[in-house]
Structure formats: C-alpha cells, structure tokens
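Q: One line per chain: the protein sequences are A and B, in this order. Sequential numbering of the first sequence, starting at 1, is according to the working numbering. Sequential numbering of the second sequence, starting at 1, is according to the working numbering.
These aren't lab readings, by the way, just hints derived from the structure by calculation. Any given hint might turn out to be false.
What the hints assert, rightly or not - In silico DSS-like links for lysine-lysine, alpha-carbon gap of 25 Å or less:
1. Lys306/B - Lys201/A
2. Lys195/A - Lys165/B
3. Lys269/A - Lys165/B
4. Lys245/A - Lys201/B
2 protein chains.
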Amino acid sequence: MPSRSQVFLTDSLKEMNTSSLTVGIVGATGAVGQELVRLLHERNFPMSSLRLFASARSAGKTVEKYGKKYTIEEAKLGAFAGVDVAFFAAGGSVTKAFAADAIKSGCLVIDKSSVHRMDPAVPLVIPEINPQDLLKNQGLIANPNCSTAVTLMGLYPLHKAFGLKRYFAATFQSVSGTGAEAIRELEDQTQAYVKGQPMNKKVYPYQIFQNCIPQVDSFGADGYTGEENKMMLESRKIMGMPNLKVSTTCVRVPVVRAHSVAVNAEFEKPVSVAAAREAIAAFEGAVLVDDQAARQYPTPLDFAEKVKCGVGRIRIDTAFDNGLSFWVSGDNLWKGAALNAVQNAELMIKNGWLKKKA
Amino acid sequence: MPSRSQVFLTDSLKEMNTSSLTVGIVGATGAVGQELVRLLHERNFPMSSLRLFASARSAGKTVEKYGKKYTIEEAKLGAFAGVDVAFFAAGGSVTKAFAADAIKSGCLVIDKSSVHRMDPAVPLVIPEINPQDLLKNQGLIANPNCSTAVTLMGLYPLHKAFGLKRYFAATFQSVSGTGAEAIRELEDQTQAYVKGQPMNKKVYPYQIFQNCIPQVDSFGADGYTGEENKMMLESRKIMGMPNLKVSTTCVRVPVVRAHSVAVNAEFEKPVSVAAAREAIAAFEGAVLVDDQAARQYPTPLDFAEKVKCGVGRIRIDTAFDNGLSFWVSGDNLWKGAALNAVQNAELMIKNGWLKKKA
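Pulled out of the complex, with its shape left as it was, chain A reads as follows (with noise of 0.2 Å):
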C-alpha cells in the first residue's frame, strides 16, 4: 500500500480518459445534492454527463444548472447502469435501498450517508488525512460526519505534530447541516420575528432563532447524540486510532452554514503555540487565521463556502499538562459533506484508481 504522501501529493494525472465520465448525484435536489452539482462544475469536475437523480416526487422535472438542462430521473434499482461515478446524498434509507444495485452495475458510490461509515470492510476517508484507504474500497467510500471532517480539519495536523492523547469538543452547528427544510425554518422564524408574527416550528422540536440547541441527531442510551458518537467513532477510524478517547457536546445554533468547534486536546509530545500555528498552516485543509491583536480567528460567516478550514485561537490549554486549544469553523455543506465527497473521487480519479466501465 502507498503510503499517504506518496498518494495524496501525486501531481500529475495518470494517462486515462476521464472526460469520459459519467457521473450521477443521488438526492440532487436537497441541500448537499446542489452543492455537489455546483462543486463538480466549479472543480471542472472530469466528467462528459451528468445524471440527477432524486425521490419520485422530483422526478420528471426539469432543472437548469450551469446553461445546462437537466431531468430529474427516479432513483430506483437498476437506474445507475452506465453510471461510473455516484455521489449519494439522499440520506441512509436511500443508501440502503440502492447503493448494492448501483455498485453491482459497476458504479463507484461515494456516500454521504452514517449507513457503511463504521463498516470495516468500507473506507471512510478524508483525502487529507487517510487517502491511502481509497484503495481499500469495494465500490463504495464512506464521507465522513460533517462535525467530524471540520473538527479534524484542525485536530489532524496537530496529532500529526505532537501525537493526540486525547479530545474534548463542544460544537456550533449551523441549521444547513440538518438540510433545506431546517434553513427554511430559521429563515422563516426571522421573517416571522421581524414581523411581529407568530413563530412556527417544524424541524427543531424548539425555535432555532436566537436559541441554542443541545441536541443533533437522536440520543443513545449512553445519554450521548448519534452526532456526538459519531464524531467519537469516525474520528478514531478516520486517524487510525481505535482507543482514542473522545467527549463531545454537539450543539445547534443559528447560524446559516458552516459548523464550528471549540476543542481542547491532550498530547504524547511537548506541545509550543508556534509549532502548532506551523503545522496548522503547513496542512492542506486548513488557513490558520489567529492574530489575537488584530482580532483574527474564524467566524462561521467567513468560513461558508470556503475549500479549507479556518483554525485559531490556538494556545496552550490551562487543564492539560500537554495540552492545545483551539478553535476551527468550516462548511458542513463543503467540507462536511460535497467537497470532501468530490475531493475523493477527484484523488481516485487523478491516481488512476477508478475502474473505468469499456
């Protein structure tokens, strides 16, 4: 197996004809669904056809995106034969209902879905971090949590440098991150605010304007979300660190796009500031923005629609005998979800990993 440098900082792109591509996006019309088909136009994503899918309700419908028009077709089984490539983004019941079908056609299915994340035999990959797991795959490659991908965006560069004990994190999670219908709903609340009206509420069981709520995802008998155990678990698979000891508070906040996190880490080696500010700066994911002077760290705001991560704040933490704090904001849609999704396909691609169909 190549090791991580060998793969990830591969320049050039192998002799194959990947204009040739065609590629699906499953669930087109929710949230992610149109941040891939943005991103993939935006990367000139290599592909010669583009095919959305979505729920039956969608289908038939036409949509323009990017001068081009589009058919919105059902996903159902047998829909993705001739499809090489498809980024699956409709939630696990339809990961669950049709990815098999879709790889047995041949197609590579990149999954934003929790369904096949904790699988052993399923990579679950961040590019920057673990790209050789790519080549372990079996058609299908599990996109992480979108906590976890902006959590580690920060965290992995300093494990890489002093060799992470341990973590605690407290998150501020946008609304986008539960999808369209919740960025409505804040939306709404606004709208309703202003105007004097009553406020409505459907997605969140509390209003999600001025309010925060510390609760994503449905709660475990342990008293811990399923956010909250995820970003234990895909952490420690993600970094290969299976014992790894992680406690996390996920939290929802009004705030449009993009998450942040507040964490506090424990290391093996000596930790410095600078040496921390060195290895966040130097790492692919991630703009160091911390100039306390200048009032310079990242705000959700500045990190929407941003490719990296935004890290500062970092400095010594006062509870650990080796320990860093710092804070990071990225963008759940991109990092946390359709960029990272996109980044992998990209890497497959450029490594000549993909098995093209004839």
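Got chain A sorted already, so can you dock chain B onto it with the hints?
A: Structure of chain B alone, referenced to chain A:
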C-alpha cells in the same frame, strides 16, 4: 464563622427595621441596572427609598418605574451619603471612581464589575455556594462574572457530590452580556437582514447575526480572553479551590438573553448519572431539565428571566476515567449579574449582617 448551611438556610428574618433602607443603583439606565430596578421591586426588597444613579449625561432625566417617578442622579463623589446599599452596575471605571467614597459614607457596595473580584480582601460571593464569605466584607461585595455564575450552578452541586478535579467548558453567550447597545446591534442586524439593507456593526468586530464570535472580552498574552481567565480564577475563589484546573473557550452567539455552557468535568469520587441528577435537583440554584426520551434539556430561550439555571444533558464523560458532561443555561442578566447581587444583599439583611445607618 458560621457554616454554609447555618448561614444560607436561616429562614427567619432577623428582627431589624429593614424597611427603612435606602438603596441606590449605579448605572441604572444600563441592561443590568434596569434588571436591578425590576428585581428589587418584584422581590419586594425591604427598602423605603430607591435612588437611581447614572452618568452626568443621563442625570436630571425623569423615569417612571413601577408607578413611581425617579429623577436620575449623577454618580459622583459625595452622592452616596445616606445610601445604605448601593448596587454598582456601571463598569469598572465607575466602581474605581466612586465605590471607596460610597463605602466611606457607610454604604454597602455590591459590585458587578470585575475590578475587585480577585482582591483577597473582597468577598466574591454566590449565595448558594459561599454565603459565609459575605461576613468578610469591608464594605464591598463582588459579584461574579456571568459565565462563571451560570457554569457553577451546574458544577458546584456536582463538586459537593463527587469532588471536582478539573473542568473544560465552552460557552454560548448572549449579546445582553455585552450590554444594551449589543442587544440593539443584534436587533438592527436582524432587521437589516429581513429588509435587505446593509448590515452595520459597531459593538462587535464581526457581524453577530447568524454568526458566532469566539472572543468575549480582550485577549491576554497567553491567548486566553479576559472572560476565559475570569472563569478559571473566579471558579477557584468562589469554590475555595486555588489549584483547580480550568480551561474554557468563550463564544458570543446570536442569542439575546441567557448564557449556556457545555461542561466536561473530572471528579475524585466515582460518579453516576443518577447521583448527579439527584445532586442537581437538590441544589437551590438549579433546576434539572434532563429527559432525553422527551427531548427535554435547557435552552437559553427557556431560561431567560428565570431565577434558577437549567441543567441537563447529564452523562458519563467518555474521555475522563471519572467524569461527567452536562449543559447549563441561565440568565446572564439575572443569576449572572443583577439577581445574584440582590440575593447577596438579601442574605446580608436576612442574617442581620447589614450595618444600618442611624
């Protein structure tokens, strides 16, 4: 010195003619000052006269509160003659300028500002935690920082039950903690958003509407903000634990009122969720809101204008050998400022500790 329970649980009012007390509020036109006026009235604080002080700019103006007209007096040297208890809620510079003079004239000063909090000669008191420290006062009682007060309403009862060793926290702080002008800034930005007008900022360096700002107070040389340092130092002083390890990240969120805090705490003794819930439920300063099946946990919206702070999301911490995670929401203007100040004064009176003027 009487024990905590002897002091706090004294229910019978001492025989003293407290109804002749003259009470002053300094900074009466600010966010906390207005809550002081309200709480003194709503709680039937034993006073015969209330005098409102502010800067020369507001002096002479007449305001009507609870059916009475008040003429705002200028806070200046000599102005506090005849005042028995003065609540200072106008910031550190006003305390520095006038508190000593007020004390000299026999007034008990209860100070919201941070200037004297860490002075070893000044008691820093949360009545539910260290009421006995009130007796050490030499005319001035300091009121804690808002985030510290709210955090300790969850943390202190757990400390009593299990013996606190260290804690990590991230705060979700409302704009009212900054003051009335910050409440206006969030309101103005919300209005501007809905009306499609340009969004101005003056109080915060970044837009706070639909954003999170990981800076509360100014930065120290160690990279921690004033607020973060206060949480560490004041937690130590109030709980009498000079070596307590504390690490916090303080973040401003677009909430009007009530701060929330996500806490990870390590303890000496074995912990259990059941015993933790019992400890919270039995504590005077907190109300337990912790039913996962019913999606019940505190939110800032539910704990604005509440006397007690809400504690929930109690669970065994997954990154400590012997720890608990929890979430607390509480009114920063009340328990975090005005209410705690009034409670301190009430306790002084109740226990007959207030030196009355002739």
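Q: What hint numbers does the structure not satisfy?
A: 2 and 4
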